[in-house]
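Chains as they are written, first to last, in numbering that gives the first Met the number 0: chain A, 0 to 93; chain B, 0 to 484; chain C, 0 to 393.
Simulated from the structure, these hints should not be mistaken for laboratory data. There may be inaccurate statements among the hints.
[What the hints assert, rightly or not] DSSO-like, lysine-lysine: derived pairs with alpha carbons at most 27 Å apart: (1) LYS324(B) with LYS338(C); (2) LYS177(C) with LYS260(C); (3) LYS4(B) with LYS72(A); (4) LYS139(B) with LYS153(B); (5) LYS72(A) with LYS92(B); (6) LYS324(B) with LYS325(C); (7) LYS47(A) with LYS153(B); (8) LYS325(C) with LYS345(C); (9) LYS16(A) with LYS310(B); (10) LYS260(C) with LYS4(B); (11) LYS295(C) with LYS92(B); (12) LYS4(B) with LYS295(C); (13) LYS260(C) with LYS325(C); (14) LYS177(C) with LYS295(C).
Since this is a predicted model, take the numbers as computed values, not measurements.
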Amino acid sequence: MTTLRFAAGVFDIEAIKRAAYRFSDRVAIEIEPTADFIICRLQPLSAKTQLAGLENAFRIEVLDQDLRARIAKETEPVRNLVLSLAFSKTGLQG
Amino acid sequence: MSRFKPLADYQSPLGNGYQLLPFRFTALDGDRYVLSNMTGEYHVASRPTVEQLTKHQLPPSSDQYRSLKSKHFLLDDDSNVAIDLLALKVRTKLERLSNFTGLHLFVVTLRCEHSCPYCQVSRQNDDKSDFDMTPEVADKALDLVFRSPSPNIKIEFQGGEPMLNFPMIQHIVEGALARNAVAKRNLGFVIATNLAVVTDEILAYCEKHFIHISTSLDGPADLHNRNRPRPGGDSHQRAVLGIKRVRDVLGRDQVSAVMTTTAASLERVRDIIDEYIALDFHGIFLRPLSPYGFAVKTKWFAAYDRSSWLKFYFDGLDYIIELNKRGVRFTEFLASTILSKMLTPFQPGFVDLMSPAVIGLGALVYNYDGSVYASDESRMLAEMGDQTFRLGTVDDAYEELLLSDKLLDPLEQSFAASAPMCSTCAFEPYCGADPVYHHAMQRDFVGHKPTSDFCHRNMAIFRGLISRMEADPEIRQIFLTWANR
Amino acid sequence: MLTRRGTGLTIVKGSNATAPRILRLSGDADRPMPLRKREGYISRRGEMPAGFAWYLLIGQSGEPDGPAVAAESAAIFLPEEFAHLGDGDVVRIAEGRGGISVLFQKAARHNSFLLTERCNNYCLMCSQPPRNVDDSWIYDDIMAAIPLVDTGTPEIGFTGGEPTLLGERLGKLVHQCKSYLPRTGLHVLTNGRAFVDANFARGFADIGHRDLMFGIPVYSDLSEVHDYVVQADGAFDETIRGILNLKRFGVMVEIRVVVHKQTYDRLPDLARFIARNLTFVDQVVFMGLEMTGFTKANLEDLWIDPVAYQPQLVEAVSYLERSRVKVSVYNHQLCITDKRLWPYAKRSISDWKNEYMPECEGCAVRQECAGFFSSARLRYSAHIRPMQAVPERA
Chain A
0 MTTLRFAAGV FDIEAIKRAA YRFSDRVAIE IEPTADFIIC RLQPLSAKTQ LAGLENAFRI
60 EVLDQDLRAR IAKETEPVRN LVLSLAFSKT GLQG
Chain B
0 MSRFKPLADY QSPLGNGYQL LPFRFTALDG DRYVLSNMTG EYHVASRPTV EQLTKHQLPP
60 SSDQYRSLKS KHFLLDDDSN VAIDLLALKV RTKLERLSNF TGLHLFVVTL RCEHSCPYCQ
120 VSRQNDDKSD FDMTPEVADK ALDLVFRSPS PNIKIEFQGG EPMLNFPMIQ HIVEGALARN
180 AVAKRNLGFV IATNLAVVTD EILAYCEKHF IHISTSLDGP ADLHNRNRPR PGGDSHQRAV
240 LGIKRVRDVL GRDQVSAVMT TTAASLERVR DIIDEYIALD FHGIFLRPLS PYGFAVKTKW
300 FAAYDRSSWL KFYFDGLDYI IELNKRGVRF TEFLASTILS KMLTPFQPGF VDLMSPAVIG
360 LGALVYNYDG SVYASDESRM LAEMGDQTFR LGTVDDAYEE LLLSDKLLDP LEQSFAASAP
420 MCSTCAFEPY CGADPVYHHA MQRDFVGHKP TSDFCHRNMA IFRGLISRME ADPEIRQIFL
480 TWANR
Chain C
0 MLTRRGTGLT IVKGSNATAP RILRLSGDAD RPMPLRKREG YISRRGEMPA GFAWYLLIGQ
60 SGEPDGPAVA AESAAIFLPE EFAHLGDGDV VRIAEGRGGI SVLFQKAARH NSFLLTERCN
120 NYCLMCSQPP RNVDDSWIYD DIMAAIPLVD TGTPEIGFTG GEPTLLGERL GKLVHQCKSY
180 LPRTGLHVLT NGRAFVDANF ARGFADIGHR DLMFGIPVYS DLSEVHDYVV QADGAFDETI
240 RGILNLKRFG VMVEIRVVVH KQTYDRLPDL ARFIARNLTF VDQVVFMGLE MTGFTKANLE
300 DLWIDPVAYQ PQLVEAVSYL ERSRVKVSVY NHQLCITDKR LWPYAKRSIS DWKNEYMPEC
360 EGCAVRQECA GFFSSARLRY SAHIRPMQAV PERA
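Put together the whole structure using the sequences plus the hints.
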């Protein structure tokens, strides 16, 4: 088992949960938020799992999920605009 | 002479920055990511570039910036027609949805003289006509067919071996033509058959009504016969003869072949492809084994795991690419379907890879006994005892069938765009939802994607195709041709 | 290069001459009398068969003691350079300045009508530099000329300047073509910006012309590069929107790309952009640079030897071809064009513009080659050479 700590102000717990979901085929993850940190305990599901590489991959995945959330939030208005245009009746020619 | 202004005058002032357009990103390999936009256009970049892009720090003079602007990942001051173009492309990709239920499968009998261990239909022995479709069921099913709004209707005959109940095929063809004289759709017929029992009379009828033939060809004789036993052990020979007869009478392009992968196939991909080439086919669909019907009962499905199928697939794909480079025109159809989504503004109608899932929307299955299923896989699941995707019977109204919760729940829940992991996956535009598969494997319409074979396999294929295009411009060209078939 | 205009020419008019401004020509001394009243006779030896509205006296002196002109007729004296005029040609004779313009030549491969010299773009390589003048009189001349054009003509063009600046008059001209040249294709060159107005675009679909196509330049997949090449801010967006509107209403659109130093390096990106975003256009053409008009002023920014951009051109053409978009290459000499592009290369320079260079001497594929614009003498590829044998064309 290995324990990772993410600074609470910097990382969003949603990003961590999504990262955990993605890794749930290889590790069981326990998430514990405290005042200063979000603590993640990673327990490999199989004896064969290499923890060392996984730790790094998990950290990157958390960063990626964070970035994804940021992009989604920032682009939501223009996404809605495109969709509303796409479905409007002012006939864009296919 | 008037002054001409320099390029700099037309560029967005540096200080004005740029706006992000919606996109997703997923790792391609250790160093690179795939970014994809709302319409499936993709771009490969390093992680630092993705970060720079997202933080609005990408320099406008860089090649990355220009490429991302051109492909509609970002927008700056001097142009916003990207919005109109994105909307048009989104609409083009989704257009297919509005013309739903174009494919109608009629299971005219469960009788079959083959005993393929992997059979996804729990077939019955030759002589029990209890397992034949009746004219009453057929007529009601035909009424349902023409209730669908699709301008293009394809009726496919399945079984068992449908030619063992040829009179029913005739009854349905005639019934369809009569109804179509009024409905005036674009109507087509296909018979999915092993060709072992084809006769001149049947061929003449197919010629008269432009019926297309789809047959099984698992590879060279030894492999094919091992996979597909029948009394006499001559399935391959009959298939080859049958293919020739169909071509002679109906035309060279009127027969297509489908292969099924078994444990025995896994080492033989080149032999299988060579067999297809020898028999003048211009492409092959390298299909995974699906977890339904006899396949599960006889443990054939468990017999191979995900990585051995992937090796089989990529060995085959690379061999086919090599052939293309040598000037042989031969396509791998799973790749070409995905490549259509990646490289063109169009949406191929391949039912296995669509989100929203096309169960019910893309196809309906009318079983010999009058029950109606959302897809072929749904029927197979029912044969195993799971009625989850049985929508009703031919006595039900079309609206009842299509609006029932049995259809809407899995459709809604499995919709990839909202599913966890799928909703943020860069490959989602190329993938499908397949609630039937996930229900069968994981008892959940959405599926737990991290442990889903469907997900792992598909992602490996998407990555494999993109990596090959990035590595070799010639492959990019070959794939572009395939995508636009 | 054929002479198509002249001014300061001597004109002699009979006392009762109608002297129509726009007329069809005939070289037939036995032309039926009713037709002669509104036609011009091409006179090569000074002969003047009676009854024509005009006599075009080629190579004759304009001396007062020359042959007398009938009361109902007029005569114009043309130098030998106009000997190429023939039956069925349509000309404008502007009495005031002793001017003649050839509007239509039956024997020519291509015929275009210039509708205006005004334009709202200012392309770096414009072959017809814009002039801000009131040339609305051109409209009336073309309306009169169209019914005189030979109905067997396969295709004519409208060009400028920017034809859409005529507003609804452009629609009237198109309609005139529909009415009087029902079997003739009409190709209109335009920057497409005016079609941002959907109603304006729809109007052209509503005319119901059998074979109408708009040729619209798009020079880059990047808005700033396109705007720079056409020297107009916001042009890219308007042009693309214009194309979308035209296609929405089912009007045929061709995308034209002039290949030069500012456009060649992103040619493959442009091909991809078109295949992805404008896949429904009817065709794409890649064109060579004309050494005339503004090109001369901007030569250093525009000139690149065509041999140098063959890789990009091949890649772009291949991309479009594989994406099933119809594509052609115009105005490129065969010897400097990659062989893979030969199937797409068309013999496309109008007769009145095309020539061959000294280096072409002895070339076996001259007949199939576009040759050069006359203006090319200013600058052309360093790699022009005669081809030895007729090559394999795919």
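Going down the list of hints, with the structure as the test:
Proposed proximity of LYS324(B) and LYS338(C) is supported: the alpha carbons are some 19 Å apart, at most 27 Å. For the hint linking LYS177(C) to LYS260(C), the alpha-carbon distance of about 39 Å lies beyond 27 Å, and the restraint is violated. Restraint check: the Cα-Cα separation between LYS4(B) and LYS72(A) comes to about 39 Å, which exceeds 27 Å; the hinted pair is violated. Between the alpha carbons of LYS139(B) and LYS153(B) the distance comes to roughly 17 Å, so the proposed pair stays at or under 27 Å and holds.
A hinted pair counts as satisfied when its Cα atoms are at most 27 Å apart, and LYS72(A) with LYS92(B) qualifies at roughly 24 Å. In summary, the hint linking LYS324(B) to LYS325(C) is supported, as the alpha carbons are separated by about 24 Å, within the 27 Å threshold. The straight-line distance between the Cα atoms of LYS47(A) and LYS153(B) is roughly 50 Å, outside the 27 Å bound, and the hint therefore fails. The straight-line distance between the Cα atoms of LYS325(C) and LYS345(C) is roughly 13 Å, inside the 27 Å bound, and the hint therefore holds.
Taking the CA atoms of LYS16(A) and LYS310(B), the gap is about 33 Å. The hint is violated against a cut of 27 Å. Restraint check: the Cα-Cα separation between LYS260(C) and LYS4(B) comes to about 16 Å, which is no more than 27 Å; the hinted pair holds. Proposed proximity of LYS295(C) and LYS92(B) is contradicted: the alpha carbons are some 46 Å apart, above 27 Å. Only pairs whose Cα atoms come within 27 Å are accepted, and LYS4(B) paired with LYS295(C) is accepted, the gap being roughly 16 Å.
With a CA separation close to 24 Å, the supplied pair LYS260(C) and LYS325(C) stays within the 27 Å bound. A distance of roughly 38 Å separates the Cα atoms of LYS177(C) and LYS295(C); the hinted pair therefore is violated under the 27 Å criterion.
The structure is inconsistent with the numbered hints 2, 3, 7, 9, 11 and 14, although it conforms to all the rest.
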